[in-house]
Every structure is written in C-alpha cells, then in structure tokens.
Amino acid sequence: MLVASNLQKEYPSGAGALAVLKQVSFTIPQGSLVAIVGPSGSGKTTLLGLLAGLDVPSGGTVSLDGVELNGLTEDDRARLRGEKVGFIFQTFQLIPTLTALENVQVPLELRGEAGGAERAKMLLDRVGLADRMDHFPTQLSGGEQQRVAIARAFANSPKILFADEPTGNLDGVTGAKIVELLEQLNKSSGSTVVIVTHDMTLAERAGRIIRLRDGAVVEDRLTATGAPAA
Amino acid sequence: MTTSRWRFIPGLAWRESRTARRRLLLYMSSISLGVGALVAIDSVADNVQTAVRSQSRSVMGGDISFSSDKRFPDSLRAVLDSISTSGLKVGTVVTFTSMAYAPRTQITRLAQVRAVGPTYPPYGEVTSEPADQWKALQAQPSALVSPSTLISLDAKLGDTLSIGYAQFVIIGTTNSVPGDPGLASAVGPRVYIGEKYVANTQLLGFGSRASFETLIRLPDGVQSPKWVAPFRPTFQKQNIRVRTVVQQEQNMTEAVSRLADFLGIVGMIALLLGGIGVASGVNAFVNRKVDTVAVLRCIGATGSQVLAIYVTQAALMGLAGAAIGAAIGVAIQFVLPTALKGTLPLDVQVQIVPRVIALGLGIGIWVALVFSLRPLLALRRVSPLQALRRDADALEKQRLKDLPSHLVNIALVGSVVLLAVSRSDSWRRGFIVAGGIGAALILLWLSAALLSQLARKLVAQRLPYLLRQGVANLYRPANQTRSVVLALGFGSFLVSTLYLVQANLLKQFDVAASAARGNLVFFDIQDDQRVAIDSMVRAAGQQAAAATPIVTMRIKEINGQSLDAWAASHAVQRRHWAMTREYRSTYRDTMVVTEKLVSGKWFNDVPSTAADTIPQMSIEKDVASEIGLSLGDTITWDVQGVPVRARVTSTREVNWGRFDPNFFAVFQTKALVTAPKMFVLVAAVSSDTAIARIQRNVVLRYPNVSSVDLSLLRSTIMQIIGRITLAVRFLALFSLAMAIPVLFSAVAATRRDRLREGVLLKTLGATRSQIGRILLAEYSLLGMLGALTGMLLSFVGAWALIKFLFDGTFAPALLPAFMIALVMMTLAVLIGLSTGREVFRETPMAALREN
Numbered sequence: 001m002l003v004a005s006n007l008q009k010e011y012p013s014g015a016g017a018l019a020v021l022k023q024v025s026f027t028i029p030q031g032s033l034v035a036i037v038g039p040s041g042s043g044k045t046t047l048l049g050l051l052a053g054l055d056v057p058s059g060g061t062v063s064l065d066g067v068e069l070n071g072l073t074e075d076d077r078a079r080l081r082g083e084k085v086g087f088i089f090q091t092f093q094l095i096p097t098l099t100a101l102e103n104v105q106v107p108l109e110l111r112g113e114a115g116g117a118e119r120a121k122m123l124l125d126r127v128g129l130a131d132r133m134d135h136f137p138t139q140l141s142g143g144e145q146q147r148v149a150i151a152r153a154f155a156n157s158p159k160i161l162f163a164d165e166p167t168g169n170l171d172g173v174t175g176a177k178i179v180e181l182l183e184q185l186n187k188s189s190g191s192t193v194v195i196v197t198h199d200m201t202l203a204e205r206a207g208r209i210i211r212l213r214d215g216a217v218v219e220d221r222l223t224a225t226g227a228p229a230a
Numbered sequence: 001m002t003t004s005r006w007r008f009i010p011g012l013a014w015r016e017s018r019t020a021r022r023r024l025l026l027y028m029s030s031i032s033l034g035v036g037a038l039v040a041i042d043s044v045a046d047n048v049q050t051a052v053r054s055q056s057r058s059v060m061g062g063d064i065s066f067s068s069d070k071r072f073p074d075s076l077r078a079v080l081d082s083i084s085t086s087g088l089k090v091g092t093v094v095t096f097t098s099m100a101y102a103p104r105t106q107i108t109r110l111a112q113v114r115a116v117g118p119t120y121p122p123y124g125e126v127t128s129e130p131a132d133q134w135k136a137l138q139a140q141p142s143a144l145v146s147p148s149t150l151i152s153l154d155a156k157l158g159d160t161l162s163i164g165y166a167q168f169v170i171i172g173t174t175n176s177v178p179g180d181p182g183l184a185s186a187v188g189p190r191v192y193i194g195e196k197y198v199a200n201t202q203l204l205g206f207g208s209r210a211s212f213e214t215l216i217r218l219p220d221g222v223q224s225p226k227w228v229a230p231f232r233p234t235f236q237k238q239n240i241r242v243r244t245v246v247q248q249e250q251n252m253t254e255a256v257s258r259l260a261d262f263l264g265i266v267g268m269i270a271l272l273l274g275g276i277g278v279a280s281g282v283n284a285f286v287n288r289k290v291d292t293v294a295v296l297r298c299i300g301a302t303g304s305q306v307l308a309i310y311v312t313q314a315a316l317m318g319l320a321g322a323a324i325g326a327a328i329g330v331a332i333q334f335v336l337p338t339a340l341k342g343t344l345p346l347d348v349q350v351q352i353v354p355r356v357i358a359l360g361l362g363i364g365i366w367v368a369l370v371f372s373l374r375p376l377l378a379l380r381r382v383s384p385l386q387a388l389r390r391d392a393d394a395l396e397k398q399r400l401k402d403l404p405s406h407l408v409n410i411a412l413v414g415s416v417v418l419l420a421v422s423r424s425d426s427w428r429r430g431f432i433v434a435g436g437i438g439a440a441l442i443l444l445w446l447s448a449a450l451l452s453q454l455a456r457k458l459v460a461q462r463l464p465y466l467l468r469q470g471v472a473n474l475y476r477p478a479n480q481t482r483s484v485v486l487a488l489g490f491g492s493f494l495v496s497t498l499y500l501v502q503a504n505l506l507k508q509f510d511v512a513a514s515a516a517r518g519n520l521v522f523f524d525i526q527d528d529q530r531v532a533i534d535s536m537v538r539a540a541g542q543q544a545a546a547a548t549p550i551v552t553m554r555i556k557e558i559n560g561q562s563l564d565a566w567a568a569s570h571a572v573q574r575r576h577w578a579m580t581r582e583y584r585s586t587y588r589d590t591m592v593v594t595e596k597l598v599s600g601k602w603f604n605d606v607p608s609t610a611a612d613t614i615p616q617m618s619i620e621k622d623v624a625s626e627i628g629l630s631l632g633d634t635i636t637w638d639v640q641g642v643p644v645r646a647r648v649t650s651t652r653e654v655n656w657g658r659f660d661p662n663f664f665a666v667f668q669t670k671a672l673v674t675a676p677k678m679f680v681l682v683a684a685v686s687s688d689t690a691i692a693r694i695q696r697n698v699v700l701r702y703p704n705v706s707s708v709d710l711s712l713l714r715s716t717i718m719q720i721i722g723r724i725t726l727a728v729r730f731l732a733l734f735s736l737a738m739a740i741p742v743l744f745s746a747v748a749a750t751r752r753d754r755l756r757e758g759v760l761l762k763t764l765g766a767t768r769s770q771i772g773r774i775l776l777a778e779y780s781l782l783g784m785l786g787a788l789t790g791m792l793l794s795f796v797g798a799w800a801l802i803k804f805l806f807d808g809t810f811a812p813a814l815l816p817a818f819m820i821a822l823v824m825m826t827l828a829v830l831i832g833l834s835t836g837r838e839v840f841r842e843t844p845m846a847a848l849r850e851n
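First to last, the sequence lines map onto chains H and G.
All residue numbers for the first sequence refer to this note's numbering, where the first residue is 1 and numbers rise by one.
All residue numbers for the second sequence refer to this note's numbering, where the first residue is 1 and numbers rise by one.
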C-alpha cells in the first residue's frame, strides 16, 4: 500500500518559493494499477520522485508498504527501493556497459542475493528476450530495451513499481505490447503499479486515474476496468 | 546481511567498467612515468649500494688506509713494519703524476704513475693482459699500463716507456686493479711500476706532488674503525690521513643517495603531476557516469556501494597504470648501467629489486586512489532524480560537514608531505619541498582564477566574435581554465626546473675555448728551467703566457695562536682539510679573470703604512669561512720550514671550473718572491702536431716537467658532461612525455561540454574553420598562461635547488626556458584542437539526440 498525505514540494525561485505540488493526498492499495496523468508542468514527475523516495517533500508524508519515508536517510531510502521498489523510465535507463542479463541482475546483486542470474534469465524469458540476454543495450531496439527495463524492475519482486512515461519513446504497436506486459506482470506478481503518463489511452487501461493540474489533484476516479477505490 | 550487500560489488565494478577501461587506463597512465622514474631510480641506487657494500674493500684495496703527501716519518714506518710482522697483510703505493714518453712513437702523455710495493694490493686480485704480470713489476724495471695509455701513446707491448729519468719496458695492460677505481683510469692514463724503481725516475725531489699510501688488510670479521682507533691519534698528529673501509663505504653510498635523493624528488614531482592528471581524468569520468549512478541509486544502490564500485575501478586501473610504470622503470634500470658504463667506479650488477617494485606499485596505486577519490566522492551525491529528469541538479550540494571529503583532503596533503619527506634526507627538507609544491599549485590556481576574472572583464563587444567566444570559454560555466592551467603549469614547471638546474650545474664546468689563456700547460717547472722552457715554446713559433709561480706551504699559526688553540676557540674541526692541507699558493700584484673580490681591497689599493711591514694576502672565500678567518687576521705559514707571516686583506670568489691556474691563497709579491718555488706555464699552441712536438722536446730535456694538453682534457670532460646532459635531457623529455596524458586528462574533463557546444554551433551555421579559431583562441590563452606561470615558478624552484641543494649560484637561462614554455603551449593547443576533430566528425543530430 502506498499512502501520500498532504504532500507539498516547493522550489526556491527569485520571487519566493514556487509550489510545484500542493497538498496532494491519496492511498493506493496493494496490487492495483494506477495512472497519474496531467499536462506538462503539472507536477507528475515531481510526485513520482516523492512517492519513490527519490526526493524529499517540503511538507506532508509518504508511507510505502507501511514504512514512513520522511524519517529515512538517503541511503535508507535507497535500501528500501532496493527491496520494495521497481522503476521503469521513459528513456529506459539501462546501464550501457552491461548486457541485458547483467542489467537485470544488478538490483539483486546490490541486495547481495545469490542466484541472481537464474532469476534474471527467467524474467528475460518472460519478457520474450531469452535469445537476447548477452546483448548490450545499444544492440537492442527501443521496445527490447524497455522490456529489459521491465524485467529489471521486477527482478527484486517489488511491492510497488513506478513507471515514468513507459511508452513515451516507443511507437504505438510496441508501446501497446509493453503495456500488456506490465498488466500481465501486475496481475501475476501482485505488485502495485503506478504509471505516470500523458497518454490517455494508456491511462484508461489502468484501474484508476489520478489527474494533476498545477500541482494539485483535480480528479481521482476509477476507470471502466478498475476495481473500487479504497 | 551487511557483508552480502558487498559481495557482488567487485564483479559489478569489473563488468560496469567494460567500455571505460581504456579511457580510465589513459587517465591512470598519467602516473606510469612517475612510478617508472621512482622504480628506476630506487632500483639503480639499490644495485649501486649493493655493489658498494660488496666491493668497497676492493675499490679501496684494503680495510685501512694511511696516506700522506709526504713520506711517512721513520717512527711511523716502524709502527707499520710491526703491524706487517704481526702477520697482517700490508701493501704500499706511491702515486704521482709525470710525463710518460714513448721513444719509439715519440709521443708524450701526462700519466698517473702508481709505484706499488710487492704486497700491494693487500685485498683483491689484479688482472692483466697477458695474465700474471703483476709480480714481474718487482723483478725488473717494467710497467703495466691502462689500455688507454697504450692507445694515447700509440705504443705496444715490449716498447720502452720513459718516466722521468728512468726507462721501463711495457709488459702488459691492466684490466682491473683494486684501489684504483675505473672512473679515475677513464679520465687519465695509468702506469704501474715497482716501488723500488721510483728512485730511478728522480721525480720525487723538491716540490713534487706525490701521495704515499699504506693499506692494511684485516682478518675477516674484524671491525676496521675499532681496530684502527688506537693508531689514529699517532698518525693524525703527523698529518697522515686515516681512512677505513667503513668510511669509504659511507662516502660512496652518501654520494649515491644524494644523487638518488635529487632524482627521487624529480620522480616524486613527476608522480604528483601524474596525480593531477588522474584527478582531472577521473573528474571527466565522473561526469560521464552521472546517468548510470542515478539509475543505480534508483534501483537501490547506497552511496557507499556506488563509491565502492568506482573506487574499485579506479584502484584496478591505478594498479595497471602503476604496473606499466614499474615495467618502464625496470626497463630503464637495465638500460641505465650501459649508458653510464665507465662513469661508475664499480661493477654494478643489474638485479631486479622486488622491494622497490612493490614500493613503486604501492605508491602508484596510493597516488592514483588518493587523487581519484576527490572527484569520485562526488558520485555519492548524484541525485537519483537525475534518472527521471535531466534538468534535475546532477549533484546534490556538498555539505560543509562532509567528513569523507575532509578526510580525502587531509590524505592528499598528507601524501604529498609524506612523499616529499620520504624522498628527502631530512624532515625539514621534506617539508620545504612539500611546501614548495603546495605554493606552486596555489600560485597556478590563483593565476588561473585571475585569468578567468580578467577574461570576464576584457570580453568587450568590439572584439571579433570568434575571439570573444574563445575568451569567454575561459570563465563560462564548465570552463577548464583551472584544470588546464594547473596541469600545464605544473608540467612546464617540472620540465623547465630540470633544464635550468642542469644548465646551471654544467655552467660550472665552463670549458669554452676562450676560458683559458692557452691549451698547453707545463707544471712542476723548477726555477732554473723556466726561461729555457719559455724559449722552447717561443722557438716553436708559439705564444707562452707569463709563468705562474707556485709555493707550497701549510698553515702554522693564526693570529699567533696554534692551530689547536684556534680550532678550539673558533669551533672549527682541528682536522678540517682547510687547516691541514698543503697549500699551493702564488704571488702576484693583480687579479686574474677567474677571480672576483668578495670583501676587502686588493693589495695595490690598500694604503700601506711604514709601520705595517706584514705582507698582504687574499684568501678564497670558502676557505676563509671554513677556518673562520676575517679580514685583518694574520696567518703564519710554514713555507718549507721557514715561517712567513701575512695579513688577510681580501677574500675572493674563484671559478674553479676554468683551466687556469687558480689558488686558495694569493700573496703580495714581496711575501714570497724569495721562497723556493716551481712554475706553471700556459702556452697557446696552434696545432696538435705543434703541441706534441713541444711536449716531446720538453720531456726529453726536462723529464721532471709535466705538461697537459688541455684540448684532450677538455674533450674527456666534455664527454662526461655530455653523458650527464643526456641523462638530464632524458629526464626532461620523460617529464614532457608525461605532460601529454596529463593534459589529455585535463582537457577531457570538459570535453563533452565542448563537443556538445561545438556541434550546436555547427547546427546554427558555424563553419569548421570558425569553430577551429574559437578553440585556438581558448587554448592559446590557456597554454600561454599555464606555460608562462610554470616557467616563472621554475626560476624560483631552480634557484632554490641550486642554492640549497647544490650550493651554487643561479643564473636564469631565459631563452631555453622560453622555448620549453613554447613547446608546452603548442602541446596544449594541439591537444585542445584534437577535441575539435571530434566536433567536426559528429553530426549535429548525434549531439542533439544525446540531449
């Protein structure tokens, strides 16, 4: 479960503090698939950064799987991410010097877990890249790179997975395949998936949509496919 | 759990370094040459010291040496005889210089004659060609000569050799003789004869210079200093020098370690320059790794894990850089003895010294790490947000209380100090060297900051756009002014200092033809032979300068006090060479070109009162300070038994490097004109054949008169100087070569920004030539400032080294220093422009996509 309470984020600017997020609150139950949408500059990515503990809020709190992020140091938050969080980025963000297999292994190695190679192979197999394991990111297409990123995101069996514009750099067909993959993994692993996007077609496939504008939540609704909100 | 979080780090570090290894290794190669220099210097020094330890007895020829320039008094001869009869091996040798004349070829050469007793040398074996000829020297008037003697006299075995009034048959050549180091025989010809035939030469009469030495071999295990202690006072009382093999060893190792210290400081500075290169290079590396680190942070890596990954990479590449350096060092170690062949008095066996290699590797890795850590620590502060949005601050602000940063700073300063101290013979000198390096770096840093400031103020709109853009690069964000000026300035500081020290040291051996009044010098001329020799020179159509009189003397009293009393009251060692030596002085009323008055007045200028009947004298300034003499002091000299008093009225600085007769003490003419004396005569002879003819005629008529052909001596000295020059030039080139990877690293730090900017300019319509000119303006300014600041600093550095380490006077060699600065500047421009090549290669799309 992910709980945001009265989240605020301000940045200093010439004319005083600039509020990017204003009193944002919501609760996302375990296992749900949620889309955060909004126009450019509405605060989507800032919210994602705060929810994942990549940044610290100016006010309010985030509770991730029962752990309050506010009191944690940067390294504690990193460890928590290593154990409970997965990430998918618009620009894939694979480590260019590692092969597909090694990229997927990294989160497990950082946790010091043995048997990482086996699990990484299994995940790459599940995303359909069993025959591309030894390829470097530059040798893969955009869709393939994003599939490796998804496998890496699920490597540590995260409680919650954050996806920042996961189809933003892909063509329509490939993007659709990626979304299907995310849905499958969401269902089979029971992980919560939070997708930030401005692609409404993609958002509608989530069970719930949280819409931001000017840093505030202006809409929080279930979609046709969604389960009842908590 | 804690350990398990670290167990995959080394593997991850290795895999992650895949594409960066070559680049990282290039940065780390900055330290290779520094490590190489240290390994080579330490290995050679170790090899030489091992040779000294194992060969010092054979270099000396025994364990104890008693020597004097007079025959030993009978009382002491009796002591030595009793030592000999007690069963110890005792050997004697008389050494003097004389003309050696080969009648068959009619060639004469000045040679050192060593007349050896039947049991000389007490230690070691003499090898000769043909073998076993040494004993024959005692059986008949025969001579063994060094191979160079045979060549210079164009003589062969069986020829007769005239030494003074005696004739010897050449029965062979010597390969090695204990007690006569190889270096000495390389400089001058050697002739060995039996001691009992010395009298036949009639050369050891009045005024001749000879050294009488007795060597004793002690049984193994007997400590020479302890054994000789009871004899020391008796012998020293008679002005006989007592030397033990332990002292010999100390003297030799001291000379070697002093040289190794100087070269070691050079190597250390080279290593620190490498460190700066590493820091700049790793800084560039860190900039490239920000994205990867942000991702790692997103997926759970802690700051320490990230740091561990990249420190592991730096350490591995540092090890590789240091290993390459150690290999270079070992290669130099093997080449160096060949290059120095003949200049060392020892047979040096080249042996790999694992301790030195391990130390070089250790220091190399340490320098690589400690200089990498500063930029690497920044990786802990990479924000994970960077993975989500590029406009996020790449690095979180450094906190003032960031303990690791402070620890690294302390480690950096501590390392420089430790390295400097370990390379100097004292803590004080180490701190001075470290302080000097620190001051040089701070000055370079300040001049770079000043350049940035000036550039900001000077960029006026009226400047042409391309120049304005180039100058503006010096202060804009992500400028490279500091890193390039620091690397370049420190590099040119090092190279230029080396060159200036070498030029100044060699200046002391100024052997230009104009330096001496002539090229043929006759010495040991007796009073009644002077006119005849002068006319022999003139009869050959050559010019002879005035003969210089030489009077031998010793100090007897100073200001009426005995030397014991003077030494005690002036804190001077009684046995100091300046107190005990035999002075060969002259008298004249004018100064010569090799002298400079330091204090007092020259004889003519001093008003002499009728009451002041004491003659005046001038003394060399170092001797005056060693003995504690002041102007007005009176010295009573023992001139062959007759006391002669003289008052010190001036001190002089003497240029000993010139081939002119120079003296510690010069007297007013009236003081010594009646004293027994000999003469030195310098002649300017126009051709080699004339020199040979005059030498031959003089030696045939006056066998006691020696002569030396200065052009021969000059060429020998020039050869030795040539070798030293070559060695220093090699070091300077070595440092210059080192500056290349360092500069590459310095430029690399901002390479990506320059690339992106250049490509953007291209997109906006800039031509290649325009981008080239912008880069040219920027790098010319950077190069000029770095090289010139380094050059100015090198004047200070070289002055300090010459003054404090080599005890000399410094004269700046402006033109060569400017040339070095020019080379460094060109290097900076070329390396800078090579970045431009990539700008020309990249398409605008590639750079824009990267954004």
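Please keep in mind that the hints were generated in silico from the structure rather than gathered at the bench.
All residues carry an ideal CB built from backbone N, CA and C; glycine is no exception.
Treat the hints with care, as some may be off.
A few chain H residues facing chain G, derived, Cβ under 7 Å [what the hints assert, rightly or not]:
#	residue
1	Gly82
2	Thr97
3	Gly112
4	Asp164
Hints, one by one, checked against the model:
About 2 Å separates the beta-carbon of Gly82(H) from the nearest beta-carbon of chain G, less than 7 Å, and the hint is met. The closest approach between the C-beta of Thr97(H) and any C-beta of chain G is roughly 4 Å, which is under the 7 Å cut-off, so the hint is satisfied. A hinted interface residue such as Gly112(H) counts as satisfied when its beta carbon comes closer than 7 Å to some beta carbon of chain G; here the least separation is about 3 Å, so the hint holds. With a cut of 7 Å, the hint placing Asp164(H) at the interface with chain G holds, because the nearest CB-to-CB distance is about 6 Å.
Comparing the model with each earlier hint shows no violations; every hint is respected.
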